[in-house]
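Enquirer: Okay, here's what each chain looks like letter by letter:
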Amino acid sequence: MKTFKLGGVHPPENKLSAEAVIETLPIPEQVVVPVGQHLGAPATPVVKRGDEVKVGQLIAKSSGFISANIHSPVSGKVFKIDNVYDASGFRRPSIIINVEGDEWLETINRSDDIDADIKLNSKEITDKLNEMGIVGLGGATFPSFVKLMVPEGKKVDYLIINGVECEPYLTSDHRLMMEKGEEMLIGTTILMKGLNTNKAMIGIENNKPDAIEHLKKLATKYKGISIHPLKVKYPQGGEKQLIKALTGREVPSGKLPLEVGCVVNNVGTAYAVYEAVQKNKPLFERVVTVTGKSVIQPSNFLVRVGTPIKSLIEAAQGLPDNTGKIISGGPMMGKAVLNTDIPVVKGTSGILLMADGDAKRGEVNTCIRCGKCVEACPMGLEPFLLSKSSKLAKFDVVEKELVMDCIECGSCSFTCPSNIPLLDYIRLGKNKVGQIIRNRNQK
Amino acid sequence: MSLLSISASPHVHGDNSVKKIMWGVVIAMVPAMLVSIYYFGLDAVRVTLIAVAASIFFEWFFQKYLIKGADTYMDGSAVITGVLLAFNVPSNLPWWIIVIGALVAIGIGKMSFGGLGKNVFNPALVGRVFLLISFPVQMTSWPKISPITNGIADAITGPTPLGIVKEGLDAGLTVDQVMAQVPSFMQQFIGGIGGSLGEVSALALLLGGFCLLRRKIITWEIPLSILLTVVIFSGIFWLIDPTHYVNPLFHLLTGGMMLGAIFMATDMVSSPMSRNGQLVYGVGIGLLTVTIRTWGAYPEGMSFAILLMNSVTPLLNKAFKPKRFGRK
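Heads up: the sequence lines are chains A and B, in that order. In terms of our numbering, the first sequence opens at residue 144 and continues consecutively. In terms of our numbering, the second sequence opens at residue 33 and continues consecutively.
Quick caveat, the hints were computed from the structure, so don't treat them as lab data. There may be inaccurate statements among the hints.
[As the list claims (entries may be wrong)] What the simulated footprint calls covered on chain A by chain B, stretch by stretch (three residues with Cβ under 8 Å from a Cβ of chain B suffice, anywhere in the stretch; the number is not a length): (1) 491-505; (2) 509-517; (3) 558-571.
[What the hints assert, rightly or not] Mimicking DMTMM-like on lysine to aspartate or glutamate, the simulated pairs with C-alpha atoms at most 25 Å apart in a straight line are: (4) Lys534/A <-> Glu551/A; (5) Lys353/B <-> Asp539/A; (6) Lys204/A <-> Glu246/A; (7) Lys191/A <-> Glu172/A; (8) Lys353/B <-> Asp194/A; (9) Lys360/B <-> Glu518/A; (10) Lys436/A <-> Asp47/B; (11) Lys248/B <-> Glu518/A; (12) Lys366/A <-> Asp255/A; (13) Lys197/A <-> Asp484/A; (14) Lys360/B <-> Asp300/A; (15) Lys355/B <-> Glu518/A; (16) Lys503/A <-> Asp464/A; (17) Lys350/B <-> Glu172/A; (18) Lys204/A <-> Asp270/A; (19) Lys503/A <-> Asp103/B.
Remember, it's a predicted structure, so these values are computed and weren't measured experimentally. For every residue, glycine included, the Cβ atom is placed at its ideal position computed from N, Cα and C.
Hey, can you work out the whole structure from these sequences and the hints?
Expert: Here it is as structure tokens:
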């Protein structure tokens with residue numbers, strides 16, 4: 144079975160909610176919709192205080208090439224536009240809407256009928272994804288239409304659909320593949336048309352045998368789509384690692400997957416693409432896993448963007464008393480959040496509650512130069528050296544040792560027997576080196 | 033709800049720990065330890081206990097009064113140094129020499145650099161080489177080997193196979209003549225060759241080696257590159273002139289070759305980080321060992337070879353980088 148070669152670790156999978164069918168979460172009384180939910184420039188609000196909005200109505204407009212439209216996830220009245228804490232820990236401009244009813248734009252087709260007939264052409268698909276505010280739902284929230292704009296002279300050999308879900312605990316992609324497999328495959332076909340390619344590979348780790356089997360059965364109906372089971376190894380869901388595992392090609396340092404003829408999209412994105420193109424539905428809701436060892440009922444919810452995470456936690460039978468950390472995302476790359484008022488955004492794949500004991504880091508010992516971090520690094524870097532040099536502020540060394548190649552997967556910190564927070568220091572070094580490079584380029 | 037902790041990812045940690053690694057090494061040394069008890073009886077227990085106790089004591093002492101850091105005496109690393117030191121000395125060594133060995137190993141070999149993780153050389157080898165140079169008579173008077181089942185260990189002393197061969201060859205005998213005086217290869221492999229505590233059975237050491245590989249405490253690169261280099265390098269001379277150069281198999285099975293390749297050269301702290309660096313390091317140890325054994329003054333060359341390559345480790349770390357992703 145295929146997997147990537149270099150490095151990688153095996154964190155306990157803990158897919159507690161793998162069997163939990165997706166439930167639709169009730170709409171909250173108020174939603175907080177940040178205008179910067181995607182990679183790139185935050186959107187510009189086009190509504191003001193007191194405006195009436197419908198579900199799916201544009202409320203903030205894409206403000207640059209790499210940016211994305213934001214649509215209202217609810218119907219109601221704009222309460223205010225204010226700075227609110229989001230999962231990043233910063234206060235970000237957000238549109239706060241008081242919910243009244245659930246009135247959708249008429250242009251959205253709300254029927255569940257599966258529509259496999261793709262009427263739009265490549266250019267129209269790209270424009271539609273831009274209009275509907277579709278961004279990558281795997282975590283990086285990169286605007287999807289940009290990925291479809293293949294520059295002159297480049298050719299896409301493979302569209303790769305990422306169904307790996309290598310983060311422990313998370314199951315939203317898994318459930319989506321099980322329950323919306325057909326739609327997801329149509330979405331894949333749409334993306335293939337948008338990219339003018341006739342081959343798509345869906346990579347799924349073999350800890351989801353039901354999803355592999357299910358999609359293999361469905362995929363026989365769709366031309367050019369193949370399903371590929373992958374040997375479980377973190378961080379296989381990383382774009383570069385997945386391309387390597389599936390095609391054997393290595394994206395050159397500092398380059399995009401397009402360089403090796405690949406474009407990668409998440410299964411959630413493929414589903415959102417289906418809804419956008421076939422149902423004219425903007426991206427304003429997504430599947431979010433609520434999980435954790437002490438969570439009474441680990442669940443997968445279909446949630447409107449802007450819903451505070453406390454609503455999700457309540458729906459999963461409440462916040463356990465021993466909760467010591469709340470993470471937006473998975474345990475390897477997720478962000479610890481400040482409180483339970485943080486809103487769900489387009490990129491929220493899961494809410495992970497960790498018990499007090501698990502939330503604390505272990506005692507740090509000295510480096511015993513065991514080399515386990517070097518073994519674990521999927522990019523072939525030397526985390527001990529990057530970390531140490533960052534700590535000593537030797538940023539020239541940090542740059543020379545290729546810190547910018549780091550994908551921040553956390554395998555090094557995970558594996559370090561001395562509990563050294565390697566990635567903390569490496570991030571510091573990466574930020575500094577990034578600044579240094581930008582300053583240098585400006586001169 | 034208690035206060036939420038905020039920290040950067042990753043939020044989970046694997047089950048690796050320094051203690052687990054160190055005690056894993058100790059466990060891997062048990063087979064060789066048992067074999068030494070089988071052949072040397074209570075003397076083996078005596079030497080091992082004194083070496084381990086002294087090592088733990090000095091680790092505690094220097095940590096408390098010199099480094100003033102956290103308690104590290106039970107993290108297992110001092111135990112490893114103690115056992116390795118015991119493995120490298122004859123079973124009839126007086127107790128005070130063992131204690132001096134532990135003092136030098138832990139005090140100079142390890143704590144003077146700042147303790148675990150900071151030492152340049154393998155501490156046990158520092159101790160061993162110090163003893164070898166300072167107490168050559170006691171360090172090279174090995175009791176004649178006799179299994180514990182035959183009664184108390186013999187009081188007669190005899191040289192190791194390597195010593196016999198070295199002396200024989202130096203005296204102008206041919207390889208065939210000296211080889212007649214040493215145990216057969218099979219005996220060398222299973223156990224029962226004279227020597228220090230830990231070098232009597234290649235088999236027991238290999239068993240420990242597999243244990244270390246399985247638990248991913250060591251990588252195959254270092255032991256294998258050492259052993260292969262020794263076979264190839266000594267094999268070349270043997271093929272050219274088998275009357276003056278010994279069989280490579282003899283090099284492989286005697287004089288702590290296995291002990292060094294599996295347990296001492298692989299010491300994490302003093303060996304290179306990247307796999308390529310480890311290969312070069314292993315080749316270096318192999319070449320130096322055969323060179324010292326064949327043309328040097330000492331019959332045994334492993335300890336010196338490892339210490340010499342230890343000193344090159346920082347350079348190897350600089351010169352040999354891991355295979356980078358997405359770069360030629």
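Enquirer: So is the region 558-571 of chain A in contact with chain B by the C-beta rule, three or more residues under 8 Å, or is the coverage claim wrong?
Expert: Holds: 9 residues of the region 558-571 of chain A have a Cβ under 8 Å from chain B.
Enquirer: For the pair we were handed, Lys350/B and Glu172/A, check the Cα-Cα distance against 25 Å.
Expert: Judged against 25 Å, a Cα distance of about 60 Å means the pair is violated.
Enquirer: Would you check chain B against the region 491-505 of chain A, counting CB to CB pairs closer than 8 Å, and say if three or more residues qualify?
Expert: With 8 residues closer than 8 Å to chain B, the region 491-505 of chain A meets the three-residue bar; holds.
Enquirer: Holds or violated: the region 509-517 of chain A covered by chain B, criterion of 3 or more residues with Cβ-Cβ distance under 8 Å?
Expert: Three-residue rule met by the region 509-517 of chain A, so holds; n is 8.
Enquirer: Do the alpha carbons of Lys503/A and Asp464/A lie within 25 Å of each other, as the hint requires?
Expert: holds (16 Å)
Enquirer: Quickly compare the C-alpha distance for Lys191/A and Glu172/A to 25 Å and report which way the hint goes.
Expert: holds (19 Å)
Enquirer: Are the Cα atoms of Lys436/A and Asp47/B separated by 25 Å or less?
Expert: The given pair, whose Cα atoms are some 17 Å apart, holds under the 25 Å limit.
Enquirer: Has the given pair, Lys353/B with Asp539/A, been kept, meaning a C-alpha gap of at most 25 Å?
Expert: Measuring from Cα to Cα gives roughly 17 Å; hence the hint holds.
Enquirer: Has the given pair, Lys360/B with Asp300/A, been kept, meaning a C-alpha gap of at most 25 Å?
Expert: holds (22 Å)
Enquirer: Given the hint that Lys204/A pairs with Glu246/A, does the C-alpha gap stay at or below 25 Å?
Expert: Given pair Lys204/A, Glu246/A holds - Cα atoms ~21 Å apart, limit 25 Å.
Enquirer: Given the hint that Lys534/A pairs with Glu551/A, test it: the Cα-Cα distance must not exceed 25 Å.
Expert: holds (17 Å)
Enquirer: Need the status of pair Lys360/B, Glu518/A: alpha-carbon distance at most 25 Å?
Expert: holds (19 Å)
Checked against the numbered hints given earlier, the structure breaks hints 8, 17 and satisfies all the rest.
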